[in-house]
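*Asks:* This is what each chain is made of:
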Amino acid sequence: MEAFLSGSDAAFDELVGNNRERIYRTVMRIVRNHDDALDVMQESFVKAFVKIRSFKRASSFATWLTSIAVREAINRVKRDRFRRAVSLRSLTTRPAPVRGNPEAHLERSVIEERVASAIESLPAVQRAVFTMRFYENLKTREIAELIGSSEAAVKASYFHAVRKLRRSLSDLR
Amino acid sequence: MGKCPPEEILLKFVENDLDESEANLLTEHTDTCDRCRGLLKEYKKTLVLLGPEKIEVPSSAEWERIMARVRARMEVRSREWPLWLKGILGGAAAACVLLLLWQADLKILRRPEGVSGLAERSGPSLPYGEGDSLLSDEDMFDEPLIISEMASLNLASMNYEELSELDELVSGAGTLESWDLLVFDLSEDEETELVKQLENSSPI
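These protein sequences, in sequence, are chains A and B.
Counted the way this note's numbering counts, the first sequence spans residues 1 to 173.
Counted the way this note's numbering counts, the second sequence spans residues 1 to 204.
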């Protein structure tokens, strides 16, 4: 950190490099699309670079960087949902839930398709909270810190997300 | 049977997030409540369906590309002027533009009192003669200057030919396109005043 603040670009590469794969998984689970996830990572690194001097060190650098990436991912989902809502083109296109070529996409089972679709239908914050808690096993307090919300709000978001998923998938056996 | 608990409690039970006494109470309830037993089963099934999710991370080449783009953007940003400096310069530029517009507005629309005629205008004197226009070609294409000159015309100092040409022009009989432009650039009030001056300055 000190090396980066004194102007070393290599130090910045090392700072983000130590965390990038873990953050990528979190971001990918929120945006559900490989290219979007890469875009979010890039934006997040640039933002971190710009804001590094305002980093108060109240949390670790990893948490701070993850927080930037998670918020960027949530904003991306909100923006994309809005775009899909106003674009007729979106009626025929939907981002692939997981990374893969078209053939692999076709081979995915119906259940995987339905699960992915159900998660994608969640509102941005609920999706982020659900994936971070369910897949990343983050604690409510940690998620609240990452998205800048209260623990009560995170708990409520998580419950509403799972209830929606239960209803979406209730016909699957 | 007792009152059905909120669904959130059922989810907590499935996720082993209830303490022992709460879990026991719920179990007693679901033993006798078909609805809650069905919901519990659905929550369990949902969490199983959601299952573990494998995420592939980007390749080294992809990370390299991202970091190269990030470094490029960082370099551009580091060359940029600070935001506060941009703000100050932008504000100063806007103030200059407004000042220029304000002055131009005054120059074009305000008819100065007691102004001199064409002969006294600044710059080289124009060689007027029969058939010549009042202004040089160079002036004709310099609209702000033309408008300014027009606003400061002193008709009393103009000769017969000049007044006749101007009279034709204002009455619509003029044929020079550049003059038409000049007239059309005058406001209605300015044109009215010009006509009035022409009427009072009958050619000898």
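Derived from the structure by calculation, the hints contain no laboratory data.
Check before you lean on any hint, since a few could be wrong.
[Unchecked claim] What the simulated footprint calls covered on chain A by chain B, stretch by stretch (three residues with Cβ under 8 Å from a Cβ of chain B suffice, anywhere in the stretch; the number is not a length):
1) 22-28
2) 67-81
3) 138-152
4) 156-165
[Said to hold, decoys possible] BS3-like mimics (lysine-lysine), calculated; alpha carbons at most 30 Å apart, straight line:
5) 139/A with 86/B
6) 139/A with 196/B
7) 44/B with 139/A
8) 54/B with 78/A
9) 155/A with 196/B
10) 41/B with 139/A
11) 164/A with 196/B
12) 155/A with 45/B
13) 155/A with 86/B
14) 3/B with 164/A
15) 155/A with 41/B
16) 86/B with 164/A
Note that the structure is a prediction, hence the values are computed from the model and not measured.
Just so you know, even glycine gets a beta-carbon here, dropped at the ideal spot from N, CA and C.
*Asks:* Look at each hint and say if it fits the structure.
*Replies:* The hints, checked one at a time:
Coverage of the stretch 22-28 of chain A by chain B holds. Counting CB-CB distances below 8 Å, 3 residues qualify, and the rule asks for three or more. Counting residues of the stretch 67-81 of chain A whose beta carbon lies closer than 8 Å to any beta carbon of chain B gives 0, which falls below the threshold of three, so the coverage claim is violated. Residues of the stretch 138-152 of chain A with a Cβ under 8 Å from some Cβ of chain B number 0, which does not satisfy the need for three, so the listed coverage is violated. Coverage of the stretch 156-165 of chain A by chain B holds. Counting CB-CB distances below 8 Å, 4 residues qualify, and the rule asks for three or more.
Restraint check for residue 139/A and residue 86/B: the C-alpha separation of about 43 Å exceeds 30 Å, so the hint is violated. For the given pair, residue 139/A sits about 86 Å from residue 196/B by alpha-carbon distance, which is inconsistent with the 30 Å threshold. Between residue 44/B and residue 139/A the alpha-carbon distance is near 20 Å, which keeps this suggested pair within the 30 Å criterion. A hinted pair counts as satisfied when its Cα atoms are at most 30 Å apart, and residue 54/B with residue 78/A qualifies at roughly 24 Å.
For the hint linking residue 155/A to residue 196/B, the alpha-carbon distance of about 82 Å lies beyond 30 Å, and the restraint is violated. The suggested pairing of residue 41/B with residue 139/A holds, with an alpha-carbon distance near 25 Å, which does not exceed 30 Å. With a CA separation close to 81 Å, the supplied pair residue 164/A and residue 196/B exceeds the 30 Å bound. A distance of roughly 21 Å separates the Cα atoms of residue 155/A and residue 45/B; the hinted pair therefore holds under the 30 Å criterion.
Annotation: proposed proximity of residue 155/A to residue 86/B is violated, straight-line Cα distance about 44 Å (limit 30 Å). For the suggested pair residue 3/B and residue 164/A, the alpha carbons sit about 23 Å apart, so the restraint of at most 30 Å is met. At roughly 21 Å between alpha-carbon atoms, residue 155/A and residue 41/B fall within 30 Å of each other, so this suggested pair holds. For the hint pairing residue 86/B with residue 164/A, the CA-to-CA distance comes to about 48 Å; that exceeds 30 Å, so the pair is violated.
Violated hints, listed in ascending order, are 2, 3, 5, 6, 9, 11, 13 and 16; each of the other numbered hints is respected by the structure.
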